[in-house]
Amino acid sequence: MPPERDAGFGSRAPLVHKPDAALAAVIIVIAAGLFYLTTGFEQVPDLLSQNVGPEKFPRLVLTAFVLLALGLPIEHRFVRGGRERLDSDRRRPIGTRTWLTAGLLVLIGALMPYAGTLLSLVLVCLLLPPLWGDFRPRVVVPFAIVFPLIVKLVFEDLLKVSFEPGLLAFLVD
Amino acid sequence: MLADPFNILLIFAGVLIGVVVGALPGLSSPMAVALLLPITIALEPVPAIAMLAALYCAGTFGGSITAILINAPGTPPSAATALDGYPMARRGEAGRALGLATFSSVIGGILSLFVFLFAAPAFARVALEFRPPEYFALALFALSMLASISGKSSLRNLIAGAAGILIGTAGVHLTTGVERFTFGVPELTDGVHFVPVLIGLFAIGELLAQSGTASVHYERIVASVVKLPSRADLKRVWPTILRSTGIGTFIGVLPAEGATVAAIIGYNEARRWSKNKDEFGNGAPEGIAGPEAANNAATGGAMVPTLALGIPGSATTAIILAALIAHGIRPGPHLLEQTPEFLYAIFGAMLLANLMFLGIGLIGAKTFSRVTLIPKTLLWPGVLVFSVVGSYAFASSVFDVWVMLASGILGFLMIRHGFGQAPLVMGLILGRLVEEAFSQSMIIYDNEWWRMLERPIVDLFLVLTFLGLFWPLLRGLAMRPTKKESAP
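Going down the list, the sequences are from chains A and B.
The first sequence begins at 1 in the working numbering and counts up one residue at a time.
The second sequence begins at 1001 in the working numbering and counts up one residue at a time.
Since the hints were derived computationally from the structure, they do not count as laboratory data.
Be aware that one or more of the hints could be misleading.
[Unchecked claim] Label pairs and their computed distance ranges (CB to CB):
id	chain 1	residue 1	chain 2	residue 2	range
1	A	V141	B	S1397	26 to 32 Å
2	A	D89	B	S1396	34 to 40 Å
3	B	I1374	A	Y114	27 to 33 Å
Please read these numbers as outputs of a predicted model, since none were measured by experiment.
Here a beta-carbon is modelled for each residue, glycine too, at the ideal position from N, C-alpha and C.
With the rest of the complex left out, here is chain B (with noise of 0.2 Å):
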């Protein structure tokens, strides 16, 4: 694949864009994945998911560029280098801190395809023993995993997870042909087609967002030559680029957890490890080697359950496993038994785009963080312009335009009401396996679900999953204050 000249051009095309999106503010990885998605059906899979990932990568780096020039976190995941990247560039500093960014982020990436490359038919090989029951407790720890995605509350967080699933019950049931939920609309028989739902939940809920919300104009910090960090720097940053890129890989790889959970949590050990904790939130390069390895570490482990076992492993990913459906193709352990070339496929494309924005970061920056200058009177009728034709381009149909539209409202209203866009897109994509997998399940067990329950691998994903739904909330028990400590 990396032979052709289209495959690298489409590659590179992928990166650049996720570089330009991951440095707006605003725009976000999954949002451009969505909307590039129409684009790439036109495109054979390989090449198609290649791009996707290319931008999936390269999106998670960009956002760096603007957390550190201007303060404004292009991509959530980018957040945490804001505290330290922007400090270290308002002191002087700035093409240093780029330097910092650029190189953990590729070291992070690059470290964590390796993994991916090992890992992935490894998962693949334990889930070929999977049968329907595993599947369904698979399916329903990586559900659980959204109650930890970062957003206001575990509890929205998950109702969103199950308005998505509903949603997905739409259409016609494929065991007896009985249509659900299809209100007499012809094109429901099909179901709701979710290429348009995450064009509106993602974009069009940003934009009706944004309309409410003045013109920021960004104070610009003028950057100076990016370079490689210096000897002094990489003997500081080494320990913790390794430490991060653990911690990302294997966040990454947890079901429905990415990169700004990779993010927080490597700024956290970053700093928690330092001997020099007073520096950071004054421009600590810990604290931005910390958090930029991680989250770019995150792609990598969250490519091994998406492709490995056919379950996301965070929002971008559940998009690209959307894309990978699209295509006719069911990711799982029989995709990487039978097609292994998909899986170097897929880690070349990865590799090359970290290599790639390694380019770009050091010799674009500057220039990508002008991007944002282009006013967002003009930026998000463009955005609106994409989402419109991607989402008729998909099935040629105006319904669902109307169903980007609509998923576009719901998007808004979830904002301001605290429910996360990410957790509805897991439950779309999730529902129908968690469904297949219960159906199947009943029938193997004639009804007699508890009887799921002496298969040990059940067991423990019932466990995680257990876990995974209460353990925001025990943690938030355990750190409450005792009545000793609260008494005035």
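Isolated chain A (complex conformation) (with noise of 0.2 Å):
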């Protein structure tokens, strides 16, 4: 099919464009979920609520989001670029530099309390570099160090910020 004719408007691709359709069954199966927890929400008097309980607002929103999710699966069919335009930054696979990068991220969330501040951000700034190929001690250690160390002490001393201080609690004391 010449691809003028696959993209955009009056295209004669198929209907419905399956990654689209799986991202609206997600998206409506998260609005389901979050319609039924509004089933849950306290009950107030009507004349406290005054008409509008707090269920009201969100349910209008969760109803317009699924309404607009059904729109996803044939929306290559309006788009101009179509499919391609579509999946352009989706179709090469998320790497495995990618999925590395966002579980030290995690990491860093749950060290924090424990390993204080300043540590989980050295240590973010010792292993990222390499992760993402920069080989250089020389010029990763330093950086590590020195970096995280000038922006806490600008919170810390400009803008009266207390960090958790965790293992290196002993030194504030």
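Quick one: dock chain against chain with the hints and give me the complex.
Take a look at the structure:
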């Protein structure tokens, strides 16, 4: 099929684009779950809620959310560039480096209350560059120590923010 | 405010940061404003907003430096500048290209500020007559404009906007005190703090996207001395600059639209009106002046609805709006009525910022282009450090760091599937206004919502909402090839 007939308005592509159908299904399931949660909101007397209960607006938004999501599977027929354009960023699988980077971010969040802010940041600055292919310890190590320290000092001294001391609590004491 | 040297220093810092961030591909003005926001919390409101506004102006300009010298626009609004800026630089006229870009940006930015100075109070005076139904309809109109923000798909923009509104409903319902979507987490009773969400969406989402791309080595063109446009160039581009300034200011005033849309339309109109159309794409001066004047004019225009109505004119002004709220200031007609000095302070700060980046552009463009030499393996960990610290510092809460990380992963998935981050931010910021106005309107009309249609301004905004929602579709249908045209 010539590309120009497979894309955008009036295209002869199949009606439903499967990746977007799956995406719509995920969105609808999430919306349905959230809608169900609204049924568990505490009930308040009409006098207090003045006929606009706490569940009303979220339900309106969720309904709009679902109605919009229903258009996703067929959207490719109305978008200039069609499926090619919509799939351009997701055609490539998520790489190992991205998964590992995401894992590292989660690790930081988990570590911070225990290891402390500074140590967690130093750790991420030590681990992220080699993860992304930079194996220059003479550059990475000083950067990993100095940069988080400077940022932390700026926030602590100038902005009076207190950070989690964690393992470095003895230094604070 | 401008008499205080500390405030001038803050504005200069905002300009420097803006130009650097703007010049770096991958970083953006919304990201920089989001990262700087926690720092500005410690400042007084006026200097804080002045610094952010200065960053906004300068960031929009900064992208043109790398657009011209390395064909890698630092910011989306500068993408159109690269079309003619880079070809001009390649033929040995980089200094001329940078001079045209700098001059056009400054003129566009300054002229739009005068529009801001007069239009914002005018808008505010009109808005003083607004009641909850008008605010509800106005907010709906602003949300409908998400459909035409640049991006892959209007439908996905609207879905992202709805998601933002939904996230904003978490927390304690103000009228009834009922907890909504808190999942038993005490930190969520206050709702989801928007600062960590902003930082996560823009900074962490992009960081994850960058993790999957190889390092790019840019071929930089060595710039000659940057100077103001020659008399011949000025004579040629003045009409374009004035026209693009008008276009950019108008588009900036429209809710949710911003510098990117302004730049694209500015470029297209420059080409349409040019007597030298075939020069476009090969280094036409109008091809640089048009988008640059438009994108910087949009910054002044976008401040009009932001301050006068409390409706953001762009993604960056949505974050500036969030900053105002974080400082305990509710933008809107009453702000300008009660504290008009606020308007003059922002005007002064943005005017000074425009003049500062005139100097930076003429003197320092070559230097700023070198920021692209920072390896991404050090740049992005640096961004991550700021993101973690900034998110934590907002409320001294590790939970906000988790919100930031979750928003980052969401932002990454959104980019991957063609959803815009800016619409989600708009939805998050506007959602509370929409719900408040909706609830108050329902109370006023005793649930008979159709009675809102008796108000003419509500009707006007609803018609505009309809157009905003369906314009992309109608335009596409109108441009659809007929059977005769598409027949082989």
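Cross-check of the supplied hints:
Checking the proposed 26 to 32 Å range against V141 (chain A) and S1397 (chain B) shows it holds: the Cβ atoms sit about 30 Å from each other. The hint said 34 to 40 Å for the Cβ distance between D89 (chain A) and S1396 (chain B), and at roughly 36 Å that hint holds. Checked against the hint of 27 to 33 Å, the C-beta distance between I1374 (chain B) and Y114 (chain A) comes to roughly 32 Å, which is consistent with it.
In summary, this structure violates none of the numbered hints.
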